[in-house]
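Asker: Fit chain B to the known structure of chain A by using the hints.
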Amino acid sequence: MSITFRLAWRNIWRQPRRTWLTVGALVFSNILLIFLISVQLGTYLMMIDNTLAPLTGHLQVQYEGYKDDQRIHQAVPAVRGLAADIRERLSLETIAARGAAFALTSSEDRTYGVQIIGVEPEFEPRISTLPGLIKEGRFLDDINAPEIVIGAVLARNLRVQLGDELTILGSARDGSFAATVVRIVGIFESGMVELDRSFAEIPLGFFQDTFVMDGAGHTVVINAQNLFSVSTLQQQVQALLPDMEGLVVHDWDDLQPGLRQAIQADLLGAWFMYGVLVILVAFSVLNTQLMSVLERTREFGITMSLGLTSGRLGWLIMLETAMIGLLGLGLGVFLGGLVVYWFTVNGFTYPGLELAAQFNLPDRIYPNLNSISLLVGPCIVFLASLVAAVYPAARVHFLQPVQAMRAA
Amino acid sequence: MYAVRCIDVRKIYKQGDEDVIGLNGVSIEVEEGGFVCLRSPSGGGKTTLLNVMGGLDRPDSGEIWIAGKRIDNLSKAPLARMRLHRIGFVFQAYNLIPVLTARENVEFVMQVQGVSVVDRKKRSLEILSEVGLEGLEDRRPAKMSGGQQQRVAVARAIASNPAIVLADEPTANLDSNTARHLMELFVELNQHRGTTFVIATHDQMVMSYARRLIRMLDGKLVEDIDQEAV
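The listed protein sequences correspond, in order, to chains A and B. Residue 125 is where the first sequence starts when you use my numbering, and the numbers rise one by one after that. Residue 5 is where the second sequence starts when you use my numbering, and the numbers rise one by one after that.
Keep in mind that the hints were calculated from the coordinates and are not lab data. The beta-carbon is built from N, C-alpha and C at its ideal position, and this holds for glycine as well. Do not rely on the hints blindly, as some may be mistaken.
[To be verified] Reference listing, derived: stretches of chain B covered by chain A, where coverage requires no fewer than 3 residues with Cβ under 8 Å from a Cβ of chain A:
hint, stretch
1, 58-68
2, 75-85
3, 89-95
4, 100-113
[Claimed, not checked] Residues of chain A placed beyond 12 Å of chain B at every Cβ, according to the derived structure:
hint, residue
5, 339
6, 394
7, 463
8, 476
[As the list claims (entries may be wrong)] Lysine to any residue pairs mimicking SDA-like chemistry, simulated, CA-CA at most 20 Å apart:
hint, chain 1, residue 1, chain 2, residue 2
9, B, 125, A, 127
10, B, 80, A, 524
11, B, 125, A, 131
12, B, 80, A, 436
13, A, 259, A, 277
Same shape as in the complex, but just chain A (with noise of 0.2 Å):
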């Protein structure tokens, strides 16, 4: 190790109670950044997850433009099979077809417009929370069988109760008109009013034959594994499609792109406290350091005199800032990773969330660690710390050797 390493290194120990605390609050600081971007993180795929979980999925295949204008005619053909292939050649059983349509629900005394999605009842709930909703009945069985779930508003709107019977009216593929008649075999309750009272759900067979859909429906849902595997996922699909159908594949981003904007402004919010935080933290270092340049103006004068330039000592005073940096960096990973690591694997709920649970959501939050959130905190803390050592640094740069020698 060379002597101005190790002089940096012993001077930073002159004042031992000092180094500490400063480390202290380097420490304390970094194991709360990492604990609070862990949280948000892990927040923020909580949230992306409950809002996919019940009908979006991460990833669904859609005819090109229908994500924008829902017509009944931009369809997918063959779309179970097209879903059957996709999971049998990605080994993934978290894929399903859809159709989609908008049509008049009546009972005896009320009609109301709802979105009536045709879902394959086999592999709708390995897509979808919506069927672990139901709250009265149960989930569809047949793919064919003349069945609708329907939301507890809706429900409630149309004045129905399970084994009532529904009129179904709307526009065919072809043109024609779809009438139907369903009956209710289970009653969701999403805690989304919205869905709870525009959307009903029957057995894709039966969607195709009422909406002459000609075997085709709208959307092949397919969820991943984890987010983060997305990306990845929606590649191998697209590079399954067949060339000539004009089929995209939509992530959940393109899908539901307030989502990402909402993210996105909580971020803002949140990285404006951190950065206060950072802040305050850069303040304790640059006030340890201004007080150990003053203490020592004195011996920057006679090392000057030996032959030192200012600038050498400038950059002693940053090599002492980064070991202090370093240390509380070192530190703060270690411990935050730990005790963030207690968090990931128990995770910790509070006052209110338990009500999830009933919403078939998680009642507990669960951090993301991960290389972001372990180090992107601390390293910022470590930049700060640079930043904040500029000022004393740049004060020993102008020192004159006699005036400095001459510092009480």
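Answerer: Using the frame of chain A, we list chain B on its own:
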């Protein structure tokens, strides 16, 4: 060739609203291998003269030459290089770096000079042995006596093989016996290495070792005695 040459050097300090004359037209030449003492009462200008000779302070006018190179017009970095390679300083208060051992204090200057690790370790041990500190190389200044610390300071000053060593009251904090040993060391280094010494002092004992004694008063040279001739 002169180790140091000052030509009509003037320096005025501001003290509040008052101008204080530090140096008032000082011209002096010290030949290579010289052993010179500067004496003056306090405020007579000897420390100021050492500072401008060593490039620690700039004169208001006049010229300073060290080993044939003019230094009063050098900018900060070249001046620092000149101090690093050509000038050694010994101060009254030793001024060692407290967190480095005796050997590291000596090595530090050599490291800045770019001397290799092996060479500087070897040379620092040799120099410390030369100043009588064998066995104390790994002690920190706080664990050494004043005399030992001053010897480390001397070792540090000569580590770069300077053309000239400027010593400002080097014995002021030492007892008479230790001071005498230090002066004997200076003489030995002067004779064996040919290092030029310019020592500012008011200690008669120190002056007795000088071959040339220069008296200053109010920033002027008032007497220049060749003690060998006397």
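Asker: For this structure, which hints from the list above don't hold up?
Answerer: none
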